[in-house]
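Asker: Here the structure of chain A is known, so what remains is to put chain B in place on it, guided by the hints.
Number of protein chains: 2
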Amino acid sequence: MIFGSFSNMAAGSQPLAVALLSILTGVLSFPLGQETKHTSCHATKPNMLNVHLVPHTHDDVGWLKTVDQYYYGDRNDIQHAGVQYILDSVVDQLLKNPDRRFIYVETAFFYRWWKQQSSSMQQTVKQLVNEGRLEFVNGGWCMSDEATTHYSAVIDQMTMGLRFLNETFGPCGRPRVAWHIDPFGHAREHASMFAQMGYDGFFFGRLDYQDRARRMIDKEQELLWRASDSLTPPMADLFTGILPNGYNPPQGFCWDQSCDDPPIRDDPDLEDYNVDDVVNRFLTIASAQAAVYKTNHIIMTMGSDFQYENANLWYKNLDKLIHYVNAQQANGIKVNVLYSTPSCYLQELHRANLTWSLKTDDFFPYADDAHDFWTGYFTSRPALKRYERISNSNLQTCNQLEVLGGPVSRNGHFGEGDSQTMMKAMAVAQHHDAVSGTEKQHVANDYARRLANGWQHCQVVVSNSLAALSGSSAQRIYCDNLNISVCPLTESSKKFSVNVYNPLARPVTWPVRLPVNGTAYTVSDAKGKAVDCQVVPVSRATQEVRRNWGFAVNELVFQVQAPPLGYSTYSVSLVKDGPPPTSTKHRAPTVIQNKFLQVTFNPDTGLLSSLSNLETKQEYNASDGNNSQSDQPSGAYIFRPNSSTPFIISQTAKTETVQNSVVQEVRQWFAPWVSQVVRLYADSRALELEWTVGPLPIDDSLGKEVITRLDTSIKTSEIFYTDSNGREVLQRKKDFRPTWHLKQSEPIAGNYYPINSRAFIKDDVDQLTVVTDRSQGGGSIHNGSLEIMLHRRLLYDDVRGVGEPLNETSNIFPEGLVVRGRLLLSLDPPPTAADTHRPLAQEMVLQPLLTFTDGNLNPHTQLEFSGLQAALPPAVHLLTLTQWDKDSVLLRLEHQFQSWESKVNSQPVTINLQKLFSTLEVLGMSELNLSANQWKDEMIRFDWKPQTGKKPLLKTFEDPSVWEVTLRPMEIRTFLLRVSLR
Amino acid sequence: MIFGSFSNMAAGSQPLAVALLSILTGVLSFPLGQETKHTSCHATKPNMLNVHLVPHTHDDVGWLKTVDQYYYGDRNDIQHAGVQYILDSVVDQLLKNPDRRFIYVETAFFYRWWKQQSSSMQQTVKQLVNEGRLEFVNGGWCMSDEATTHYSAVIDQMTMGLRFLNETFGPCGRPRVAWHIDPFGHAREHASMFAQMGYDGFFFGRLDYQDRARRMIDKEQELLWRASDSLTPPMADLFTGILPNGYNPPQGFCWDQSCDDPPIRDDPDLEDYNVDDVVNRFLTIASAQAAVYKTNHIIMTMGSDFQYENANLWYKNLDKLIHYVNAQQANGIKVNVLYSTPSCYLQELHRANLTWSLKTDDFFPYADDAHDFWTGYFTSRPALKRYERISNSNLQTCNQLEVLGGPVSRNGHFGEGDSQTMMKAMAVAQHHDAVSGTEKQHVANDYARRLANGWQHCQVVVSNSLAALSGSSAQRIYCDNLNISVCPLTESSKKFSVNVYNPLARPVTWPVRLPVNGTAYTVSDAKGKAVDCQVVPVSRATQEVRRNWGFAVNELVFQVQAPPLGYSTYSVSLVKDGPPPTSTKHRAPTVIQNKFLQVTFNPDTGLLSSLSNLETKQEYNASDGNNSQSDQPSGAYIFRPNSSTPFIISQTAKTETVQNSVVQEVRQWFAPWVSQVVRLYADSRALELEWTVGPLPIDDSLGKEVITRLDTSIKTSEIFYTDSNGREVLQRKKDFRPTWHLKQSEPIAGNYYPINSRAFIKDDVDQLTVVTDRSQGGGSIHNGSLEIMLHRRLLYDDVRGVGEPLNETSNIFPEGLVVRGRLLLSLDPPPTAADTHRPLAQEMVLQPLLTFTDGNLNPHTQLEFSGLQAALPPAVHLLTLTQWDKDSVLLRLEHQFQSWESKVNSQPVTINLQKLFSTLEVLGMSELNLSANQWKDEMIRFDWKPQTGKKPLLKTFEDPSVWEVTLRPMEIRTFLLRVSLR
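Same order as they appear, the protein sequences are chains A and B.
To convert a position in the first sequence, counted from 1, into my numbering, add 2.
To convert a position in the second sequence, counted from 1, into my numbering, add 2.
Isolated chain A (complex conformation):
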């Protein structure tokens, strides 16, 4: 589908003409409608068992090698894999026999390949796509991780991949099936997003081994997933199929160059003619598989990681397999084998017109054996996880400023910039061996390098845009290391200004901490009003972490405010002979407090004692795999402590205290490698715990996993709550799974869940919510307790392929990695808790961007700006604002409350799109599906009947010609807006 019309839009502009031409081409080549590609499916036989063979390759967008190494087939000494050759080879082999089929998944690779092809090859591939011989499934830039990703970045990467397919191939290139065959557990929010992206169904390969066993018996490996408790069914209903062999071929039938299974030897003149043996083995396997699925159709995934580099091996043998098995039909064998695709298989399941069991929870945690819980990667590589999250924030700012600043953002005073580089870097970082932390060290480095490079490109956009919006072309300085108090400008300058850009659609108040070497400063806001500021000494922990990258002795602390989708500018001047900085006291106070919170400490231990009853730091020693129950060690994927009782790092903390009008903080020192600052800003509703952990000591030859545990008097009944991909919250119960009778074998690791942005515990009176700054693993092992894993360092590989222990050493950090992060704690009555944690978490995700200019500002500089006419209502989050093409922008508005969580905010909200922006005139709008690759009103999905409940009515959408759009709880609506700068 090429976007070619806008409602309320003047026709005749150049881009529109091009777009209409595309539509015409499309109409000639492929009829519209959802059944388009399905006409290419091979006929099946209703009275037989139909075996759908699905040739496929699974191409990790980085894992043991970097994405570009995988593309080219470089570093084959690490792993033999070259995607360029896979696509070369598959296209060749598809052309040899029109019966053959192939599916391709990862657009990050396909895009690289496509742009190197001749136009005649491109035409050939289009033909294959049009004829359904090459089918795209999933189609995002990558196959994202589900446990450690944030929905914002997932939607972006899916949008980028699907857009490329849409613009290259039209409707025949639009995937109908989501395909997450490898991720290590499955998030409900992913299913919800896939439903809203228009997928007809979803297939995956990995689930808990007990869950699978139960589902096999009950024939529930195919089911209907109702993936939201707030969206009206079937908006978030997704047919879900669990593949029979992970994503591998059945045993003995792998014919890739990377496999050793015997080929079909059908020349009777040569040794070892084996056709009869192959046919018999295949029939046995097919029959066993049919026994655990519902219909007379079964699917077999014929491929695996980076397979089909020499597709001839596969297809030559598959051709023979199909031929020889189907030849047995003449002997009365009722089995029909065919080349197929997931969408052709799905179509047959749909035609079966059955009811399917309904699932409303998710597929976490994932265990592939009794002691093999893949819950370690929820925390693996915490530094990368944070860098990915802050990069998303920066990218959204870059996207917004590209729109708000106009064309000059991309080519302006500071040169040429772009947001594409960072969008691509963020997209590959969503891969299930990227932000998950399960890649090799050099690959983790490559993801970080890409993000850094992307940010360089974005900085030009941001600088250009801010120059245009402010009227000042003064050089703009970026300080990306403020978390360790490093910023050469502020450390040395006597006068500078700070631009605070706020990417949220609401005003924000934000604490700023700048490394300085003076002892007293004045700060004034955009209106010239003085701002309360304080200077405090840099902590010892920070000095140790930053090493010789910075030399500031003090930090200047003040709170700033920035308008919605806009900025405010603060001026800072050194005061000569000013007062000395706030001194630290070497004893914890009994209480720190602001108008919202009061925090009490135990003066004997130095530990926090109220807000929650007790807070402490603990560690698990990792299993080295050497114990009697199982030889599984903890590793990048797997979490397996060697004891269910954590080791308490220190029963007491050494403390220092800082207290002034801006901030009150207690600096706790537990060990040389664990410290924390408990911090309360003057206007904050949340208590900040800034933790600094590492390098984890390994001189005892034990890997370590450091947790922070909050033990409270809240009566949790072994229940706690975690978010799914940063959106809806799911209830978790200790040693319990909603859909099967759990036999718990790992009391800690088996109770860990991914925490993407928040977790909470509650009873009727209190709710303690912890908002995280990155994805982490956590659990509630004891009543009233909530623990979060902060950092991990392991000495053994966990034998899931990565082949390296998660040790995270490098030239720069030979002694191991130090990681710093923040947890925000809020304590509220449960009925209003969401009103606090929803905006709090969004502030953590999309945090203000500080940029600096040295000296005095040009007097004509516009010191404050907002892109919105007014702040959006509290329930509405502006998820996406990004340039789509020359004259249009993509806008996503989101209702950020679940239907049950807030009396005030869990209500429908209506927004007028035409009155949204302050500087953009909206000339036209069209609503799209979530992934922006289909008009919303043309998105017609298969309807599936659950075993329980009546079939819901299809939801009707508002007429998109009306500017007023209503958002219901947890709804995300996606619009293409035709705009011009006012």
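Calculated directly from the structure, the hints in this document are not laboratory data.
Any given hint could turn out to be false.
Identical copies go unnamed one by one, so any copy, or any two together, can satisfy a pair.
With a cut-off of at most 20 Å between alpha-carbon atoms, the simulated EDC-like pairs for lysine to aspartate or glutamate come out as follows [unchecked claim]:
(1) Lys-117 with Asp-271
(2) Lys-587 with Asp-606
(3) Lys-938 with Glu-966
(4) Lys-322 with Glu-273
(5) Lys-117 with Asp-321
(6) Lys-117 with Asp-274
(7) Lys-656 with Asp-307
(8) Lys-497 with Asp-579
(9) Lys-322 with Asp-279
(10) Lys-117 with Asp-269
(11) Lys-98 with Glu-273
(12) Lys-736 with Asp-321
(13) Lys-117 with Glu-273
(14) Lys-296 with Asp-271
(15) Lys-426 with Glu-273
(16) Lys-426 with Asp-271
Answerer: Structure of chain B alone, referenced to chain A:
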């Protein structure tokens, strides 16, 4: 070239018509003449260094896997290799770019592939061959071993492969270049054969490391090999090129799926753009290579073992390499890279019109480092080596009887038989990891199984033919285990007859030993005349070896005679109450003698003391690689004893003696695993040493290599002589190589040479010649001494890829293999020694075939037959007589004497072909080249100028219309005869 005309031949028969049609097709498709294919060579640049890139694969016809496993890609767990896919892939890739080239070598594989292709694919491949894009080189059924093969079997396998190419592709499919890139040393006789097969040149990859070093300095890696001291130059002159990197690509430029070198990464948008680096590295390598060759053309072999299974990887990167390197010509770089083939490269060398250094010796032994002499495989797997040799004898008999018996041989009284199965089995057995003994055990078993299966097919031909020739359809029994006295028929029958077929063109006298359980027999010959026969007890050694396969207590011994190319039939009857058998005496006699020889024994030691002065049995203990000079152990390829002084197994032998009118023998027992019979038959000119060795004990954890050493008083001056592939004899000198100054580092292994059929030592008075029954390694380490390695068993792999120690255990022989063989010793004055050893060796190679029928023969049975009108003169050996097609046979006649070795026999001999056969009428004849794939008078080869000597005149051949053909010393002449049975 299709054979379509015969001289003196009546036209009009059906096969001729078909043949003429083929010619016409040929003429239309491809112009005749040697430059045919060379027009397809890419243009070169005379003022630049031209780098010929030759894409190739080296496909072992069995090694770590069997030939069929390699073809299909079965057992990829052992080694990833599937030839079917290689050919699929290469053809695909050649079609993608007409500039690309490929060469293919092993017809055993190509044939398997071809017959599975559709006719349209066959047409496509023909087109590629016609356009020179796919070029066959070498083109035999396999790439034969050079050290352990017999010329008879090599010529056969080359003929079979080249015939297939000829009949499939015509002249464009005829290889112009011989290509032995992998064999472990190079035989002069192979070069001579290649010259006579019409090859323009020869390339190989392996030679002694010292030899290469010297040749690099002197730019003599390309040379002219004068490969015969008897044939008139340039009959056996062969241009020979030594490839620069074995047969591998230069370092860093291997782009196969099996390699890890970095691909060319030429997309500047992706990581690690490396075009400049690749170009610079390539130019450096090309320049270094050009410095050690003579012309401004160099060759690079871009491929290796089983490469190009996914040819896209290679070609995609080679396309880029050529593009980017040649792009540098615009910057003044004088290097031109092109796709090429060995024949295109050779053509450029020829055009260079230079003179080339002349070589007359050979390339044995091959060492790749100071302690790494590949001389072990001369003896490795002695049982397989013997089985291969006896199989050749049986195949020649089968071929001859197929001709002599007429069409009924293939489909007669005993059903359908064929010689093709055995021809193919023999052809693959010539491979350089087959008869060489350097394959894995299961592959050795496969070669043996193929030979046994081939012999089953041939037995039907032989039975049918003998039934036709004799008029008796009595069941014919084959006893293949007479060497261990096993033959169920003779063990139990009271009356049976023995048919003795003699495949030589001369009458033969042959000792027969049959296992029997009676004590007295009468034997009568074809004329009913009684034959002297004796019964002797089965020796203890034989009883141990045969285990429970046979139960005979005695052996019936008598001498038979058989006519040329014919048989004689002997009748045997048990005599009831006959005399007891010859008893054995437990003491050695002083002398055994017949009219030719007298053999004296030392009564104290039991050892042979005259004929030669001293004879003993010794062993080398194999190096386990654990010594200070080198860690190279002895293995399948490598011979490396742990001491230069062999360990004497026993200073004395226990003896038994048998003496009667037919045979006198001394049975010597040295150890439980070494025994020998010294045997003299009544009419023999040679003394037989029948050795039985094994299982070699390994309880001392030492591998062992058993030699027999003949120490004589002959004054050898450290010189001895060995044959080359069973034909011409070369002089060897201790610690000496004719073409470079040898630095000897392995005093034993470095002085070993292959002995295919004979070795001798001599002085002015005496020549002691040893004729062997198989290929063995041997040397003359001391003056007057000649040693031959009989058997070897090793406990370490020698790290040349086979990955197994040469231990030769199996279910049947868990304790290790026992091997039995024969050496024939003749002692003559040097001027007449060849008159004895030439026919003696041929009798050993083509030995009579004994077949048996039980009971009385039909009285009408023809008991004697000869296919020749008369025996051929002593100098002439009938090398080949085999059915070619329905009405024609292939005949090879050979002068079997070197020009210098016999006063009587080293003279030209003339034979009248029309008067040759007794039962075949010769209707027409045409002379062919040695490999029978070109008319002799159309075989025009490149002429090459040696650095010394004037250019010889081209030899002119007799008018082939004359029936009389003359053979000069060492000449082999090949004829296609149109025949009919008289």
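Asker: Between copies, within a copy, both or neither: which fits Lys-117 and Glu-273 at Cα up to 20 Å?
Answerer: Between copies, since 16 Å is at most 20 Å while 45 Å is not.
Asker: Between Lys-426 and Glu-273, at a C-alpha cutoff of 20 Å, which is it: within one copy, between copies, both, or neither?
Answerer: Classified as between; 14 Å across copies, 52 Å inside a copy.
Asker: Within, between, both or neither: how does the pair Lys-117, Asp-271 come out at a Cα-Cα threshold of 20 Å?
Answerer: between (46 Å within a copy, 11 Å between copies)
Asker: Is it within, between, both or neither when you check Lys-736 against Asp-321 at 20 Å Cα-Cα?
Answerer: neither (50 Å within a copy, 61 Å between copies)
Asker: How would you classify Lys-98 and Glu-273 at a CA-CA limit of 20 Å: within, between, both, or neither?
Answerer: neither (28 Å within a copy, 33 Å between copies)
Asker: Evaluate Lys-426 and Asp-271 at a C-alpha cut-off of 20 Å and name the case that applies: within, between, both or neither.
Answerer: Answer is between; shortest inter-copy Cα gap is 12 Å, intra-copy 54 Å.
Asker: Up to 20 Å between alpha-carbons, please classify Lys-656 paired with Asp-307: within, between, both or neither.
Answerer: Neither: 51 Å inside a copy, 67 Å across copies.
Asker: When Cα atoms must be at most 20 Å apart, do Lys-117 and Asp-274 count as within-copy, between-copy, both, or neither?
Answerer: between (45 Å within a copy, 18 Å between copies)
Asker: When no copy is specified for Lys-117 and Asp-321, does a C-alpha distance of 20 Å or less occur within a copy, between copies, both, or neither?
Answerer: Answer is between: at 18 Å across copies they meet the 20 Å cutoff, but 31 Å inside does not.
Asker: From the Cα coordinates, with 20 Å as the cut-off, is the pair Lys-497 and Asp-579 best called within, between, both, or neither?
Answerer: within (15 Å within a copy, 132 Å between copies)
Asker: Tell me, please, which holds for Lys-322 and Glu-273 at an alpha-carbon limit of 20 Å: within, between, both or neither?
Answerer: within (17 Å within a copy, 40 Å between copies)
Asker: Go through the copies and call it for Lys-296 and Asp-271: within, between, both or neither, with a Cα cutoff of 20 Å.
Answerer: Cα proximity of Lys-296 and Asp-271: none, with 42 Å in one copy and 48 Å across.
The structure does not agree with the numbered hints 7, 11, 12 and 14 stated previously, though it agrees with the rest.
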